[in-house]
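First to last, the sequence lines map onto chains A and B. Numbers given in my numbering equal positions in the first sequence, counted from 1, plus 88. Numbers given in my numbering equal positions in the second sequence, counted from 1, plus 1111.
By construction, these hints were calculated from the structure, which means they are not laboratory data.
Calculated from the model, a selection of chain A residues having no Cβ within reach of chain B, i.e. all distances over 12 Å:
1) Leu169
2) Asp486
3) Pro531
4) Asp533
5) Ala604
With a straight-line Cα cutoff of 30 Å, these simulated DSSO-like cross-link-like pairs (lysine-lysine) come out:
6) A:Lys455 <-> A:Lys172
7) A:Lys459 <-> B:Lys1541
8) B:Lys1551 <-> A:Lys451
9) A:Lys510 <-> B:Lys1549
10) B:Lys1544 <-> A:Lys455
11) A:Lys510 <-> B:Lys1552
12) B:Lys1549 <-> A:Lys458
13) A:Lys435 <-> B:Lys1273
14) A:Lys536 <-> A:Lys451
15) A:Lys407 <-> B:Lys1551
16) A:Lys435 <-> B:Lys1543
17) A:Lys459 <-> B:Lys1549
18) A:Lys530 <-> B:Lys1552
Here a beta-carbon is modelled for each residue, glycine too, at the ideal position from N, C-alpha and C.
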Amino acid sequence: MRFSFQSLRFALGIAVAAGAALLGPARAAAQGGEPQYFAIRGVTVVPVSGPRLENTTVIIARGVIKAVAKDATIPEEALVLEGKGLIVYPGFIDSFTDVGIPSAPAPSAGEGGSRPQPAASRGPEDRPGSTPWRTGADEASLSDKRVETWRSAGFTTVISAPKGGMFPGQASVLNLAGERNGDMVVRTPVAVPVSLLPAGNFGSFPGSLMGSLAYAHQVWLDTDWSMKAQAVYEKNPRGVARPRFDRTEEALAEALEDHALVLIPANNARQIRRALELADRWHVNGVLYGGQMSYEVAGEIAAKRLPVLVDLKWPEAEKDADPDEVPSLNTRRFRDRAPSSPGALAKAGVKFAFYSGAITAPKDILKAAKKSIDAGLSPDAAIRAFTLTPAEIFGVADRLGSIENGKIANLVVTDGDIFDEKTKIKFVFVDGRRFTIREPEKPKDPPKGDLTGKWKFSYTTPEGPEESTVDFVMASDGSLSGTLSSTRGNANIISGYLSADKFSFTINISIEGSPADVLFTGTFDGTAMKGSISVQGLDIEFTGTKPGVHQISEAGAQ
Amino acid sequence: MKTAKLTRVQLLICSALLASPASVFARASEAPAKAGESSPVILIQNATILTASHGTIEHGSILVKDGKIAEDAQVIDASGQFVMPGIIDCHSHIAIDGSVNEGSISVSSIVNIADVLNPDDVDIYRDLAGGVTVANVLHGSANAIGGQTIVIKLRWGQPASKLPFEGALPGIKFALGENPKRSNFRHGTTRYPATRMGVEETIRGAFAEARDYKAAWDLYNKRAAAGEKNLTPPRRDLRLDPLVEVLEGKRYVHSHCYREDEILMLLRVAKEFGFKVRTFQHVLEGYKVADEIAASGAGASTFSDWWAYKVEAYDAIPYNAALMTRRGVLVSVNSDDAEEATHLNQEAAKSIKFGGLSHDEALKLVTLNPAIQLGIDKRVGSIDAGKDADLVIYNRDPLSDYAVVQKTLIDGRVYFDRQHDIADRPAREKEKKALLDKEKKSEKKPETGEGAKKPGEKKSEEKKTEEKKPEEKPKPPQSAPVVFGGAR
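Just chain B, with the same shape it has in the complex (with noise of 0.2 Å):
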């Protein structure tokens, strides 16, 4: 029964596509759909599918409704393009307002990316055109214990209340080595901690903290259930509450690492205050305490073949990713940067050069084992009928160098398409020209009286009005000699 009624559906979409060629993509694709708008019913129909989940599919469809991958998708005898789960980016800055790190101090956990979302960032979209559909968007690493993190969908062009991705647990940020303990740090600071010594201290400290704050409330909530009047509660601590989660489980400890002992230091002070560290990201010496890390149970995100580029990253090898696989780690390949997400598939085709991984152990370290890491791999990661239709469209095998995005679907919505945008750019050319020209004309009329700008006044003046512009997130300087914001 269940079959036929879906089977009919199928019927009737695709004789609307036949009707109309590309028409259900071309409604669809008037991406960014608006906030509260059904999602469309779509039928991708005969690719290669790479379910990431259950091997590969060929000349399979796949049928999308209210924005899931609907059961019993009829595979139809045809050839085409390449789909796979969407990109899930373990390590991600994009869409943050404002710094990356709050690096004045060394427990910031007070700070929540979550308050700073920033929509409108369009590395949402360059990073769209690259498959990616999940994010996990983390605070920096200047601080041994930075702020918290939040999960993200990339469903560009809507506010950012719809970014976060829903009962994703949120996150902190931790990091160990030489960022926390300011070794790149040219400009004297005599912040503490200046070791690694210190940082684990730090990291101590605070918990013990944390530890305190938690009993003083169990104590009052117990006091005030007894029914005991005039009590005074503890005093709210926004940095403290983050850090009781951590030790409650409802948050996750990302923790950014290079090297090996640093490793096992966090895996030690986690073990002593009883909590978890749900990944170690960039982990470049992961390969050395692979076991260790896979009998904690933690996850490395890691990069593909970055090494080198200072010295806590000298020991750093291309087969990390596989090595650790091979000792039962779970892996993920990230991105750490905006324009290196728009390519993660590629990052992931490299484990299959350095260490021999198979083609769908490749596909999963960008896709299903980040969603495992960071447990929403109920809803995301494979091609599974009822997860959601987070999917890409290539046009080849997304492990080869020749694969190109042609679309990206979040939700069962087509938020980027390669053919839409190569359409709309004379458009928007044409409306850039056209804003331009119109400022230029106004700017040629005659003004008088006292505010009237004149050739010759002070230039100083007139930067400081243009400080107030509002969309111009400030951003750290490319040639920076040490980038702390995403800092690797």
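So here's chain A without its partners, still in its complex pose (with noise of 0.2 Å):
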């Protein structure tokens, strides 16, 4: 759910109006108005396609990279950087997603709670499931708040697709910045993701894994037949019945003709030689999405040539796990040497890109990706398979994934090796436009108390009194994390911290499509928090307070 401050901001309407002064210019530094020109000087690259640079000029020019040399001219226009100690990565891809695509709102608990439930399908003619017809460039918006924070974390591209049963909609190649929400792509269609979660249940079809795969099977067959019907009956229609129209065989035809990707998911052994016979039986041009038993398998995947997709969240225990529940020794084994993955595929032969699956904080997707190479894979394989290789396999190598001359600028400059957890992100480039990395705050004191656990926040908004439940996690250092929930919505902390009794976290929410911070500050007691809210040049007072340690949060039941 996004959050929304739309309400607060009609009803601050001339609050806001009277600081959009104040709010033009601030979104001019990070969007408009910047500089297109740069000269990144005497910097190391990494440009993926060939071996690494030292001391090299990267010139970017109105989005596109114009040189990469030691003697490149340097325009007059452009703002030069000196990248001596930092190093250019081409910007990471992450190769399957949804980022970018903000998620459906969720329905209020206000209007009931719940959905109206969609009718029963009674067979595969009722389509369960399958909006193929669906885009992630369709549904792209710089409103999700994880355009910035996969951003941050060096990503300039994913590959995205809507989410949500087992034809969903097709994934579309989004750069992760733009004035518009058009600017983010660039590629669509490019793959249809095909999931095999059964889409109903005892009483909706399918309701089982052979349930989902008869209807996969149907619907390919129907998607066939669909298209060569047209071709008799357009051919001579006279007393012939028409073929019928059904959405669904008509966005897939049309991907087929585009000699789309498919992506089947294929995560353990049996899983993914299933899928190798799967893309056999379909006639498509699979790709496998999963790959994290692709240790044992490595050899059949490269027989067939079918590229992978690594899932990065490897599989791992429980953490509140029934110490009872033993598992098995292949459970065990299969979290042991999930991260042996990729090394294996490499050394196959078989063409494999890195996603961030169900990994929610982009850092870890990174810190994920390190565990493979631990594992085996060398660092120089990890990093083809964040950017060249997920273009190669995307069609769009002609365009990113390599620091060459004439792809797009997306860039991800860094202070060391991107795998090292030290080494901080400077700046990241997407086309062309520069973004500074926010560094997040640390304090300055050791905190005096805790801040950690579930606090409710009481402020007054002109619509009235509100409230908003905080679930703060503080480390020793007291670097503050957590989530804030509210009637309008969740939102996570960027940064923050108590220090001494001083305490200042940020969040960020989206207003009417755009995001924005929302930073608190003030004072802890001990026993209570004091201060204001600021979004926006508007400053509002709050108070919280703990509730008793058991009380659950009212939010969290949305």
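Two chains, two frames, some hints: make the complex.
In structure tokens form, the structure reads like this:
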């Protein structure tokens, strides 16, 4: 759910209008009116398409890379960035996600809390869970908070598709920046993701894995039949019943004519083997996604020459698992060996790319890839799996994925090896637009007390009194993380701290489709919090109290 | 000439055995062997051989070559264990990925068990340990016409593509009575049918459709063969394709049933549409209509002594298998359950007490008879030269309660070896512990950054990510009041 302050903003119309002058420049600093030409001088370049270049200058002009050379002429209008001690990588690509596509708003509890149940599907003819006409490009929005968090972690591009259902919609290549939503789109559509999770249950088809598979088989057959029947009909429509129109078939037929890739789920060995057979049976250009047990079947994948998108959310033990429930040896082996899959794929000569899967904190994506490096994958191969390989798989290697003259200026500038935990990302360029990465604020003094736990924040907006629940996790140095939930939605704490008795933390919300920071500052007297909330030049007083430890958050139920 | 040659081979093997005792098995039981590896030559000696087809051979030996039982097995005078043909379970639900039922629709012939074979299901190994070598893996009984089914060999350790019994005809599950009409379904459903009449009509309706579909294809093929241009073929319908195969005799019907009336109903419907029922499954009132079943040529695959667990099972008697056998019905005893399958030898033995079947007749209930019912008796079901070396070695007469499986062979390869299993346990426990320790160690490593899990973080979020665990197959809750999966 998007955190919406729309009603708040409406109520505060006057205040915001007054602050518009303030707001305008603030936005311009982030997006418009900024330099179009950059020269990163004396930098180490990891082009991916070729060997590493030391002491090189990278010229960016109006969104594209203009030169990568030691003696490149720096245009007069260029903003020169000293690159000494820095490394430039191609912008990283998350090769299968829904980042950039805000999820549909959940129903509010006030309206009854539940969505109307869709009618039960009685068979394949009802096209359960099928909306392949949707595309990531159509639904891309800069208002998705993850656009910024992913970008700040070095991801300039995502292969994004709508989620939900068996044929949820087609994937598009999106850049994670722009002034309008359409600016994000690099290429669309590029792939048809398929899910085999049953869309239904005991009362609605399909309610089983075999039902999902049967449905998928039938849909591909229908699509093929539909294309042929339509062609025959167009030749001679007289006296023949016309073939039916079906939106699912129509969308898939178009995708197939476009030689679109079909993404097939395949995580463990038997799913991978099954998926290899499915690609043949469906007569599609298959790409496997999941791939975490590839260490067992890399040779078989290589023999079929199918690429693999590797899910970086490695299997792990449930943190609150029942201690009496002992995981099987196979489960343990899988948890232990999953990160060795990319190495096995590389060795077998399989083309593979990384994707974030269920990872919610983008910094964990690189950490997960590091596990694969520790398990035998070369760092160069890991970088390739985040850059040129996904660009190749999705047919955009002519414009993305490496640092070469003429390619889109998607770059990540770091102060060290990107897989080193101590490395900081200094800048990210998306379409030649520079983003400076905000460092999380660090506390100056040791914290006095512990904010960890659930808090109730009370404040009064021009609409009347309101409450939010804040779930803090405080590290020993006073750094804060956690979530804020209110009737308006949920938001994560981007950065924050408790330094002595002073706290300060920031959340990022969406106001009318644009991201906005909300800053909370104040003092903590050991039992209660008191301070002010600042958003778009507007300040509101608030107080925070800590209800009983066992009290359950009301907002959590949404 | 031939005999002499074989004897030489045997002598060689015998001397190898003498030189290093049990070396043949030791090598063979590096099971599961890798796909494509040729099976070893094995000599099983000094055993009591229960052939299932031609009586018992005391102190016999079996020579296994190229996965088959070789001819002219030399009889060696020695005492030993009991060898019988691998047990064939004519009604199994093991090795299925995901739900056993596509329970949403009354005619679910579109789904196929062959699509979702799960070679990692540990029940395969457990059933091997009970002497089972072949299983007829069926869709559940939620629907009047259920999913397509497949016969597999329990080649534990091989990928799914190596499980199917080569050349065995596929089947389709039908279900009559309480389950498809949803009498036991408590959550309220509006699905048709709700009566036995409706079940009959559902099956008739589906076959009427299949008949029309077949006619449309026949007409199209005829016109296309005549050179007609601009023809649009009929739309392939994966739901009707298997029913056409039933009409053409290319697919067996295995029908779940209980009561005599519904058994006769299906025989009438089959006659009307011109197909055969290959087996009646459970068929607990089969003894009442044994003559009609025998006359139709259908087999009966039943339970040994379960009854009264639901209303349509009140008239069941443990004499069912014996009575039907005496009336000329080809009878097998099945498990319908992974645990039950681990002692089908005992289930077969019960028909000696209930109904007085002979030792051989009882043995056939789980070997040769189900092989004939599944159309695979040329390959398996008895110990005869030329048949697949699917064999079970027991320490005692397998029809004894005290018999324990020592080794199970499929295609001449040892897939279960009791001594090996016991010997391997400490190493497995050690690996398990080592992996757990490693996991705990890495958990303790201090983590930093946004993604670091800290105590007090919301549990619900962690659960969500755990749902993606790929190797956990969803299973129906064990304590559910009514279990449809594998429902009896």
